[in-house]
Amino acid sequence: MKALRKLGLAAVALSAMTANVMAADIVIGIRSEPSSMDPYFHNLTPNNAMIGQVFSRLVDFDSKQQIFGSIAESWKTVNDTTWEFKLRKGLKFHDGSDLTVDDVIYSFERADGYEGGNSSFRTYTKGKKLVKVDDLTLHIVTERPYPLMANDMTTVMIMSSEAKGTDSSGKNKGISAKDFNDGTATVGSGPYKFVEWKKGEHIILEKFDGYIGEIAQPWDKVTFKFIKSEPARVAALLAGDVDAIDNVPTIDVERLKKDPRVTLSSGISNRVIYLHLDQFREDSPFVTAKDGSKIKNPLLDPRVRKALSKMINREAIVKRVMEGVAIPAGQLLPEGFFGVSPNLEVEAYDPAGAKKLLAEAGYPDGFALTIHGPNDRYINDAKILEAIGQLFTGNGIPTKVETMTKNIFFKRASSGAEGLPEFSLVLVGWGSGTGEASSPLKSLLATHDKSKGMGASNRGRHSNPKMDAMLLEALATVDDTKRAGLLAKATDMGIGEDQGIIPLHYQVNTWATKKGLKYNPRTDERTLASDYVPE
Amino acid sequence: MTVFVIRRLLQAALVVLIMSLLVFGGVFLVGDPVEMLVADDADQAEREAIIKSMGLDLPFYIQYLRFIGNALQGDMGNSFVFQESAMHLIAERMPATFELAFAALFIAVVFGIPLGIYAGLNANSWISKTIMTTSILGFSLPTFWVGIMMILFFAVIMGWLPSSGRGETVDVFGIQLSLFTLDGLSHVFLPAVNLALFKLSMVIRLARAGTREVVHQDYIKFARAKGLSDTRIIGVHLFKNIMIPVVTVLGLEFGGLVAFSVVTETVFAWPGMGKLLIDSINFLDRPVIVAYLMFVVVLFVVINLIVDVLYSVLDPRVRLQEMKS
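These protein sequence lines map, in sequence, to chains A and B. The first sequence begins at -1 in the working numbering and counts up one residue at a time. The second sequence begins at 170 in the working numbering and counts up one residue at a time.
Heads up, a few of these hints could be off.
[Said to hold, decoys possible] Using C-beta positions, here's what the derived DEER-type ranges look like: (1) B:G243 - A:R318: 53 to 63 Å; (2) A:S167 - B:I187: 43 to 53 Å; (3) A:K256 - B:N451: 28 to 38 Å; (4) B:R235 - A:D374: 42 to 52 Å; (5) B:M263 - A:E228: 21 to 31 Å; (6) A:S166 - B:L354: 52 to 62 Å; (7) A:G392 - B:M263: 35 to 45 Å; (8) A:D180 - B:W314: 51 to 61 Å; (9) A:D257 - B:W314: 36 to 46 Å; (10) B:L227 - A:K256: 33 to 43 Å; (11) A:I249 - B:T303: 43 to 53 Å; (12) B:W314 - A:A346: 52 to 62 Å; (13) A:S167 - B:E337: 48 to 58 Å; (14) A:A346 - B:R235: 13 to 23 Å.
[What the hints assert, rightly or not] Take a look, some chain B residues computed to stay more than 10 Å from chain A by CB distance: (15) A211; (16) A394; (17) H406; (18) V416.
None of these hints come from the bench; they were simulated from the model. Every residue, glycine too, gets a C-beta built ideally from N, C-alpha and C.
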């Protein structure tokens, strides 16, 4: 009896101990490894997610991409072209030094003048002049009214101006990317301190006790393990080697749901999967008459595009192909995001209506298509394309499907032969980095114009000057309500009237944790330690 | 011997040069790395700046000549993704891969040769038949699938071994090695077995075939007649003579183990060169892909040389022939 009690006590002590360990450390298996710990080296999701835990930004996105104050306590417009940011008092960097406006200006300069990295942050820094008012007050001045100031400030991370590097050339303020990767210059003010990065293996972070701000930091030590292969990631979780994983493959979702050891957390993403259609040449390379002879590109006609949209059974794709882990889409961003249109519904599956529209447009017998897409970029991308191919074929548009690896596909889709998009109809996805509708409108639907930087990813070359004007007006309207209205109107034109693209569905991302933990699903697809919380 | 080695080295240099053109050209033709590196919302000007900073706006022959010029000075270029020296990135991952390859080779030899000799000596016993049937499985099952099954059984269901990653390492002459810690060994076990399976089957088959051939030779019969013990006959006379094909093949296969442990490293998230290669291909990180493939070419050339030398040690007749030629 006594022995039994002892055993019971030991068990209690043991469980208390493991509970303690659980509360302190977490090991997270993630799919993508960042390319650097330098905050301005590469503007890419895996980097922004990882580095953003070590370096804070002026303002930041919460899990629903709503802006909250991080380094800045408050912000407002002083006049149409000046924004004022007030910094929190008592902010410290990981080395104990104070964070002031000087550090912010230093960081912006380094980001803006960055040489030699991959994709820079200049998109967000250019055209902005930073003026120090006092140690805690910063003015950012632009030439024209700039409503997206706060959204832009969620991107540029703030580093210490006292950080020292080893680069003798003086490039990038004398700090090379390598100095961040080994921790020499990795001095931020975020909730976690950088400890170690073993390439291809893991990154270890540690809680920063001096952190001031709104991010909860439940973990003392966080280990991010890089496990690219999907079955290996799931297995690592089931084997207990990691406490949590991101990017759970849809094929495993049903099975994991039934597993008592695992908790799934899924949430809608800001990424819409859609079809781009060739709208800029009379002779489109992958559209022919049914007998294979050349015809004038029918995709130029909005009625044809609308008809194709009606031929797609989005419910079926979501249910069958996506295993229920997606949401049918009617526009660029899901409900709840800034600037979405209240008027647009998900296009219903309507073969009869499609046929009627095709006849109206002068194609009662249809035509033949070859559609293209990547097979390793978006969740189930190749399978979605095949489903669409079958739906088109079944509704009188004989369709061939060709998929290829993403690093070949994107090149050909944006600038194949002669620097023009090579395909007639492609499947692509778009995540709104700014968390509102102007991002996809500007890149996907605005007229392709190199000099203005508009329509950079407009692979169908859709163009509607009226919509462009509406968008430009929105981009210069500081008043939030007014701007939201303008963006919604632009969306109504680009998708509702023109069917410039055909939206299919919004991705739903799934994270898995061992029992006792859960994840606050993030619309920006980032995996952050602070979003793991006890269940 | 010296003339032979010099001639071989010249041949090797030519092979390396031709390979460099093939590899560089092949990688150059595929896709566009900028599309992989650029942020979604970057505008056209940003794209052009990246293209320029990587020198991708230059015609192919200039890019190639630049590459050769730098390579001759020992610089294989900088990774597009990490902007660090490609050779440095590969060297960083090398210990992990060599460790895995050595462990796999060890398993293949230590288990393969005795099993093969046994199967050769007792060709008709049921144990031998079991060994041979199993070795067919080792040949024919895809590494990827076997790896996943091993993870499923040993890590997920039984919970005996970790499913992925590399364990604790210790510093040995400045190189991080995990073979000397218990945690490290437990991590290396599954991937090493996975990688070894194919080689193990091969060694078994080679050793068996060799044994069957040698055991009927006159000198074995003579040794038997002389009254030598079985241990000595098998351990010395037979062993030495079946080792020549085994060493040749293993030498070349070791190159294969190192160069193409890609699948195993991916399945087990082993942070070696193979995983680096796959990641680099995904990102179209051309300099790393080229540097890696060039490394593999050089590796094979060197291994071939070593095998030739080992040959002559094992079988003096090879040396004699070499002298004559």
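Right, here's what the structure says about each hint:
no.: 1; hint: B:G243 - A:R318: 53 to 63 Å; result: 55 Å, holds
no.: 2; hint: A:S167 - B:I187: 43 to 53 Å; result: 36 Å, violated
no.: 3; hint: A:K256 - B:N451: 28 to 38 Å; result: 32 Å, holds
no.: 4; hint: B:R235 - A:D374: 42 to 52 Å; result: 31 Å, violated
no.: 5; hint: B:M263 - A:E228: 21 to 31 Å; result: 27 Å, holds
no.: 6; hint: A:S166 - B:L354: 52 to 62 Å; result: 43 Å, violated
no.: 7; hint: A:G392 - B:M263: 35 to 45 Å; result: 54 Å, violated
no.: 8; hint: A:D180 - B:W314: 51 to 61 Å; result: 38 Å, violated
no.: 9; hint: A:D257 - B:W314: 36 to 46 Å; result: 22 Å, violated
no.: 10; hint: B:L227 - A:K256: 33 to 43 Å; result: 56 Å, violated
no.: 11; hint: A:I249 - B:T303: 43 to 53 Å; result: 31 Å, violated
no.: 12; hint: B:W314 - A:A346: 52 to 62 Å; result: 42 Å, violated
no.: 13; hint: A:S167 - B:E337: 48 to 58 Å; result: 38 Å, violated
no.: 14; hint: A:A346 - B:R235: 13 to 23 Å; result: 57 Å, violated
no.: 15; hint: A211; result: 5 Å, violated
no.: 16; hint: A394; result: 57 Å, holds
no.: 17; hint: H406; result: 47 Å, holds
no.: 18; hint: V416; result: 32 Å, holds
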